[in-house]
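For chain R, the structure is supplied; the task is to place chain W on it using the hints.
There are 2 protein chains.
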Amino acid sequence: MLTESGCRERRRLLWERLPACDLIIISEPRNLFYLSGFLMNPTELSGWGLNFLLLSRTGECRLLHDNKVRSEAQAAFVDAREAWSWYDFGNSAPEKLGAAAAALAALLAARYSAARNVAVEAGHFPAAAGAGLAAAPVADAGAQLSAMRAVKFADELVCMRRAIRATEAGHLCARTALQAGRTELEVYAEVQAAITRAAGEPIVLLGDFAAGKRTESGGGPPTANVLRAGDLMIFDIFPVIGGYRADITNTLCVGPPTHSQQQHMLALQAAMLAAEGELRPGVAGAQVYAACRASLVAAGLGDAFPHHAGHGLGLGHPEAPFLVAHSTDTLQAGNVVTLEPGAYIKGWGGARIEHNYLITAGGFERLSHHQIGF
Amino acid sequence: MLTESGCRERRRLLWERLPACDLIIISEPRNLFYLSGFLMNPTELSGWGLNFLLLSRTGECRLLHDNKVRSEAQAAFVDAREAWSWYDFGNSAPEKLGAAAAALAALLAARYSAARNVAVEAGHFPAAAGAGLAAAPVADAGAQLSAMRAVKFADELVCMRRAIRATEAGHLCARTALQAGRTELEVYAEVQAAITRAAGEPIVLLGDFAAGKRTESGGGPPTANVLRAGDLMIFDIFPVIGGYRADITNTLCVGPPTHSQQQHMLALQAAMLAAEGELRPGVAGAQVYAACRASLVAAGLGDAFPHHAGHGLGLGHPEAPFLVAHSTDTLQAGNVVTLEPGAYIKGWGGARIEHNYLITAGGFERLSHHQIGF
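Residue numbers (this note's numbering), protein chains in the order written: chain R, 1 to 374; chain W, 1 to 374.
For the record, the hints were derived by calculation from the structure and aren't laboratory data. Bear in mind the structure is a predicted one, so any value in this text is a computation, not a measurement. Be careful, since some hints might not be right.
Unchecked claim - FRET-style restraints, in silico, Cβ to Cβ: (1) R/Val226 / W/Glu365: 29 to 39 Å; (2) W/Phe374 / R/Ala110: 44 to 54 Å; (3) R/Ala114 / W/Thr328: 34 to 44 Å; (4) W/Ala135 / R/Ala135: 13 to 23 Å; (5) W/Gly181 / R/Thr223: 31 to 41 Å; (6) R/Thr223 / W/Ser113: 35 to 45 Å; (7) W/Ala136 / R/Ser113: 43 to 53 Å.
Backbone N, C-alpha and C define an ideal beta-carbon position, used for all residues, glycine too.
Bound conformation, chain R alone (with noise of 0.2 Å):
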């Protein structure tokens, strides 16, 4: 879990990028929980809706939120709450986020009418919630988060390692689950359970579950696809547990792989190596990625290579930095990167491997731990 120092730390940060401001509203499931702990879970009905924290210039912070997320809200970092009463199992209730942007904007008028230089979320802030503001928004607190969430605070790493070990029991499993015979759905189903028993909590299980003739195009969720002996299998697996993403990748083989499937992999781990070699502090981006193409190039695969050498990962994915031919990031100290190098042939298939990284003073600390190829 976030922790209450690191939240206010962000808040003062956040205010820092905003000098000019004496109101940010933030509603952004993923911001919100950034800033004040204040977790809306897509496994639970609280994670369907819409609530609001208020941080004013004197310091104080106000979560605003529907009467159905009580304990959720006791346990955020806030300095104030307050509830309005979307449901209370007597009356009929009203569509919850109309209602919930009413809420704020009755709140807006009530209390915050003085505010004259107004940041909310370009892309979430809801328009009729503007009612409630002397003024129009000024700035755009959203672009300013994704900014500051590139680089971690201790708290985010621990929730990121967490979620990353609980997915790497997803790749131990794979393991075994993958046999002949099989669909994707299945294999995906028993790795899914065993993230779950690891993460020890309902998670929301995203990724990539493409074996045989799928792998040539890079991935896509699994489906009824029956594996056979000497299918490749990529398992990119990118759950939300307890907010955070992990993003790890690896490729199996059904049975036993074939001299060319293991020299492909071979050029995998080499051009993840050489990426490895370029992950410090002032790094560009683009020269993470050029390090990675030119691997795969030395190893005739730069044409099977189409995507990026990986991205920054935490609330969400992908996300700054990003490691591509043009990128204009450079690495800081505190980013969480992915590596990952793929490559797909049409008419023999595609792999795909992928670690994720933690910035250093001194360069990098790899966070992944899975066993990487077959």
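Frame of chain R, contents of chain W only:
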């Protein structure tokens, strides 16, 4: 999946509800799916974005989407598609939601500047997109859609029957997964895998999986709580499958149930039967609740029944019609509702059962067929 004719008919009905408008903008993912078949699944990266449907009075329906959801956009039942480039694997990507709102503002200014009476979802339309409108929105499409969604279309019922079928497989699995010494979470993970296999695709599993003392407060997500002989365990299973929800419940006992546990369950079944007797068009939601409550009161369980008798179900839940004491809703043919009598006693334990029903001209059709009782 939803059908093209269903989507077109729903758009036609939405226009009937907003006769003064010349443009309707939809962004809430469930409403987007409802009106166009464009599915944002939280188990895929494509589910974590912001896309827009622009409905013109002329009848044209345009989808504005980011470049990462082209295949979903291609499958949507719309007249025109416009992609904005969020992330191309070559350049750093901007904060996604803010960029989506900016893309909408640009499209509005370029193509929809003549619109004067615009409806948006009050709780979802991002304020920043309003910069592209010639006049502030005048109507809340969200409230209209919420009302519309209470009466299901034929294609929605196909989706819901499919979701309920898969969820029944979870209840069947629970009967063998429930064993003393296991944790709630281990049982949950097995149930989750069973539903995933039955659904044939990744799902998001919400639900109450609470055993022993935890049943006294009615539920909660699964924990490390270890099952002991004699424990009750409430399985209130409400996954999201292909956009739609099932919501069906049973309570099981670890080992042989006691006489009083069996009596308790029979009282719930009697309350369900009593409420079923009121399921027909024209009956007030309050009357259904009253029948359920009266039955539990007669069994001496009135004080143990703290919640609704049931609620509407569809793309979300709980939604209209609400089956509560002061409901303002009246049953209509085409509603899908749950009945979920429950009774919880401090120091003893609690139980709940639940079926899903379609309200028909003649009364109701029970949609769920899992075995109720121990």
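Hint check results:
no. : hint                            : verdict
1   : R/Val226 / W/Glu365: 29 to 39 Å : holds, 36 Å
2   : W/Phe374 / R/Ala110: 44 to 54 Å : holds, 52 Å
3   : R/Ala114 / W/Thr328: 34 to 44 Å : holds, 37 Å
4   : W/Ala135 / R/Ala135: 13 to 23 Å : holds, 19 Å
5   : W/Gly181 / R/Thr223: 31 to 41 Å : holds, 35 Å
6   : R/Thr223 / W/Ser113: 35 to 45 Å : holds, 44 Å
7   : W/Ala136 / R/Ser113: 43 to 53 Å : violated, 19 Å
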